[in-house]
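There are 2 protein chains.
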Amino acid sequence: MTVAIIGIGHIGGSLAITLKENGFADTIIGVDKSQQNLDKAIRRRLIDMDCSLEEAMQRSDLIVIATPVNALMDLVPQILDLTQPHQVVLDVGSTKELLLNIIKHHPRRGRFVPTHPMAGTEHSGPEAAVPNLFDHKYTVIIDPHDSDADALESVRAMYASIPMHMVDLDAKAHDVHTAYVSHISHISSFALALTVLAKEKDEGRIFALASSGFATTVRLAKSSPDMWIPIFEQNRDNVLDVLDEHIQQLARFRSLLIKRDFDAFYQLILESNNIRKILS
Amino acid sequence: MTVAIIGIGHIGGSLAITLKENGFADTIIGVDKSQQNLDKAIRRRLIDMDCSLEEAMQRSDLIVIATPVNALMDLVPQILDLTQPHQVVLDVGSTKELLLNIIKHHPRRGRFVPTHPMAGTEHSGPEAAVPNLFDHKYTVIIDPHDSDADALESVRAMYASIPMHMVDLDAKAHDVHTAYVSHISHISSFALALTVLAKEKDEGRIFALASSGFATTVRLAKSSPDMWIPIFEQNRDNVLDVLDEHIQQLARFRSLLIKRDFDAFYQLILESNNIRKILS
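As they're listed, the protein sequences go chains A and B.
If you want our numbering, it's the 1-based position in the first sequence plus 1120.
If you want our numbering, it's the 1-based position in the second sequence plus 1120.
Just to be clear, a hint being listed does not mean it is correct.
Any copy will do: because identical chains look the same in the list, a pair fits if it lies in one copy or spans two.
DSS-like mimics (lysine-lysine), calculated; alpha carbons at most 25 Å apart, straight line [stated by the list, open to error]:
1) K1342 x K1224
2) K1153 x K1140
3) K1257 x K1342
4) K1257 x K1292
5) K1342 x K1153
6) K1319 x K1397
Simulated from the structure, these hints should not be mistaken for lab results.
So that you can see chain A by itself, here it is in the shape it has in the complex (with noise of 0.2 Å):
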């Protein structure tokens, strides 16, 4: 099978090289609108060609669209614009509602599925491409009764081919279930960052004193604001939602601790630590 990769960065670099490393590809053909991050591409191996769109859309069976959720808007009309009855795509985007609105008329929507593969890391572009980024972990396929079943069918064998769980939700669900689990994580890393930035002017001492606590949480603050800023402008409404309600929580923390209330913290404590029995 023959798979076109639109947007080599890091999701589509790493898929890229698992779909080719377990034969579910026999050929790669990316898309990229930066020549650069082709080059990089094809020196790192991550695709066997590179080429246009058009041309892309010519010789491929699957297309997967990997940009930045900005993008998705005018690029997932177009690509199937240019979709002929026997190819498949798909996109990995964080953010649901807003694209499905667009195409939700389009003659040829029942040839696109949606797709998220929650998976990913604070780096981006193809030298963030690893292999065995999506192994095991889940992707959520969206609104599936909009896609024809035999679509549906190859983006789940090609999924399964990696292998990674799947479970269905439809666009809204989805995207307010993201706000929780992943885009209310980045914000509060960002803030986390600028708090310590703020009050730390001695670089060096924060490097020596930052525990493994700290580099954890604060990690997805390295994260880049072109992939962010669109994700957050199309999930606006759920994230500010979410904001909110992580807001009162530390307010919580703060009114306890100015009353020196430790024995309701124990309790908050005890109550946050049921998030064991989620990440086992």
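Take the given structure of chain A and dock chain B to it, following the hints.
Then chain B, alone, in the frame of chain A:
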């Protein structure tokens, strides 16, 4: 050398394995108020023998106190009362100002070396003891001029044997900096866990969707309240100050989302990316 470790939990137990394995200690004596912890420590071969505090003070050259910080308030003066002129005592607690005020005028103050190895995980107890926990991390040595030169030298030799890097700070600076780079990370994780737990009732769904980003930012929410409440009690003013700053940073993000000012949001993310320079 015979080393006594008072408090055979995650930190004390890990130190026990490490110092025995690298040959710094010939014999490790364990002391713990929980006989169950001592039994586990013997079964897991973390310690060579257990005994009472009094007996341990008779038999050891170096005494490491690795209890939660509330226990230090009574334990350190009590141990210094029993300390002989050739013995060296150190603690590994996360807060220092209060403790050092309490023992400021103790006649054996010079035998005591306050330290804080910046390592640890969200786990606790002797079952969480692991080798290599401290390798190449930083230990803070607090107020080194208040310790006898030979005591200081023994403690530096102990940390160098692991090996760990060392940095000197006064007690006030230590407590302020750990509020920034360790204590606030924990409150942020506790609050994030509560945010998600409050919003998501369907635990299976969180599990499925929880990306690695969420898992790392919320990892510290598994931490034990028995360890952390005493730290927050003792470092309350510094933690409150940093928590206020953190809530204000989150409020900036909230305000920009409300105003849909994604250009300024982009700049804030770029600014927070500077944390990269600090955490390689």
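Hint check results:
Neither within a single protomer nor between protomers do K1342 and K1224 lie at most 25 Å apart by alpha-carbon distance, with minima of 35 Å and 43 Å respectively. In this homomeric assembly, K1153 and K1140 come within 25 Å of each other (Cα to Cα) only inside a single copy, at 22 Å, whereas the closest approach across copies is 57 Å. Taking the shortest Cα distances, K1257 and K1342 sit within 25 Å of each other both inside one copy (22 Å) and across copies (21 Å). Taking identical chains as interchangeable, the C-alpha atoms of K1257 and K1292 lie at most 25 Å apart only when both belong to the same chain, with a minimum of 21 Å there against 44 Å between chains.
For the identical chains of this complex, K1342 and K1153 are intra-copy neighbours only, at 23 Å inside a copy versus 43 Å across copies, given an alpha-carbon limit of 25 Å. In this homomeric assembly, K1319 and K1397 come within 25 Å of each other (Cα to Cα) only across copies, at 16 Å, whereas the closest approach inside a single copy is 35 Å.
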